[in-house]
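S.K.: Sequence:
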Amino acid sequence: MQSNNDQKFDVVLYGATGFTGRQTAEYFQQHAPAGLRFAIAGRNQNKLEALHKELGLPESVGVIAADSADAQAIDAMVARTRVLLTTAGPYTLYGEHLVRACAEQGVHYVDITGETAFIRDMIDRYAKAAEKSAAKLVPLCGFDSVPADLGAYLAQKRLRDQHQTGTVSARGYYSIGGGFNGGTFFSGLTMFETGAHERMRDVGLLLPEAARGVAPPADNESARYEADVDSWVAPFVMGRINTRVVHRSAALAAAFAAPYGAAFGYGESLKMGGRWNPVPAVAMASGMQAFEALGTIGAVRNVLKMLGPAPGAGPSDSAIENGFYQIEVVAAGENGTRVRTTIADERDPGNRATVQFVCEAAFALAGDLAILPGGAERVGFLTPATAFGDVLVDRLIAGGTTIQSEDL
0 MQSNNDQKFD
10 VVLYGATGFT
20 GRQTAEYFQQ
30 HAPAGLRFAI
40 AGRNQNKLEA
50 LHKELGLPES
60 VGVIAADSAD
70 AQAIDAMVAR
80 TRVLLTTAGP
90 YTLYGEHLVR
100 ACAEQGVHYV
110 DITGETAFIR
120 DMIDRYAKAA
130 EKSAAKLVPL
140 CGFDSVPADL
150 GAYLAQKRLR
160 DQHQTGTVSA
170 RGYYSIGGGF
180 NGGTFFSGLT
190 MFETGAHERM
200 RDVGLLLPEA
210 ARGVAPPADN
220 ESARYEADVD
230 SWVAPFVMGR
240 INTRVVHRSA
250 ALAAAFAAPY
260 GAAFGYGESL
270 KMGGRWNPVP
280 AVAMASGMQA
290 FEALGTIGAV
300 RNVLKMLGPA
310 PGAGPSDSAI
320 ENGFYQIEVV
330 AAGENGTRVR
340 TTIADERDPG
350 NRATVQFVCE
360 AAFALAGDLA
370 ILPGGAERVG
380 FLTPATAFGD
390 VLVDRLIAGG
400 TTIQSEDL
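Quick note: the sequence shown uses numbering that gives the first Met the number 0, first residue 0, plus one each step.
None of these hints come from the bench; they were simulated from the model.
Wrong hints could be hidden among the right ones.
[Stated by the list, open to error] Okay, derived cross-link-like pairs now, DSSO-like style, lysine-lysine, Cα gap no bigger than 27 Å in a straight line:
#1 Lys127 x Lys7
#2 Lys7 x Lys131
#3 Lys7 x Lys52
#4 Lys46 x Lys7
Make a model of the complete structure from these sequences and hints.
M.R.: Structure follows, in structure tokens:
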């Protein structure tokens, strides 16, 4: 393994010894383009070396120990790579030095956070530095929020390209199954502890200043029947994350002279119960409301920490292997035309799919820079759709994901 502090890499995988981080190392081992130089990184040198040996990684794969709280160590690590991929959360606790170092040094960045309040803070603090250094910083490249962001992007693109109309509205409808890992669980509790969950209520949380082309609707907080998918639906647990990302994409697209529409709005729901059975959707909506109320109570959070998975832990192999996801994005054009984009896969959403999304995003930054939307000139804090667009769509299709659009 490479331990020379002068060794340079195309991608550094930070947080590699965690549950999701380990999967990114395995994905790179199996799918990295020929000649791609990468390293695994994290806080503990011994754990990193043990992982390197356990996975049987080639000697060319580097090992870098750097504590996320040590600004100098993070600066030195970031200086050795062109792209940084981090799975080390909660990002509110462990992410800022990584974002700062990439923004200041012109290193491209991807992560899998769903902590939108943290991303708002990072934009406010480091956007100018990233623009000056020409860094592409693309958070939210896991299941939060690639399917939603690409689904809305492709739906509005079909309306524009095939029907010469802007998009008035779009709504994503999810069907999912799979496991739940400790990192996601702990990040959710951290949002309550820091008060970030209150900030996440702001429908315009991630919008750029003087945003154009968007009109974010209120969040769906109740169960209801939706004729578009012939099913009862409930609020989607990640809806307050994904909708903010999609609206940022639409606002950035308008700034890049490719608006989704004059006043585009996006919402999300979870399909449950089919046409005739409202009970699952009603129960889900009530459960989410109860959790949001109880999550503000410290004693309740302490009990949940004892009962829930620990950081670094993950679901069983059987839960992961039986996972799946599908999102149907139904969009309406300004001329009344309606289309649907479907993205689906037999991958566990929070584990296998998330790893595929963020790794392929890193591959795109490392090898496809010239063909990314806006080329090397589009920099700063971007979204999956505005950073990668069709490049990531094509990569996911090549990896077995079903992605298709149709008229309704």
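S.K.: Hints first: check each against the structure and report whether it holds.
M.R.: These are the hints, each one checked on the structure:
no.	hint	verdict
1	Lys127 x Lys7	26 Å, holds
2	Lys7 x Lys131	23 Å, holds
3	Lys7 x Lys52	21 Å, holds
4	Lys46 x Lys7	21 Å, holds
In terms of the numbered hints stated before, the structure departs from none.
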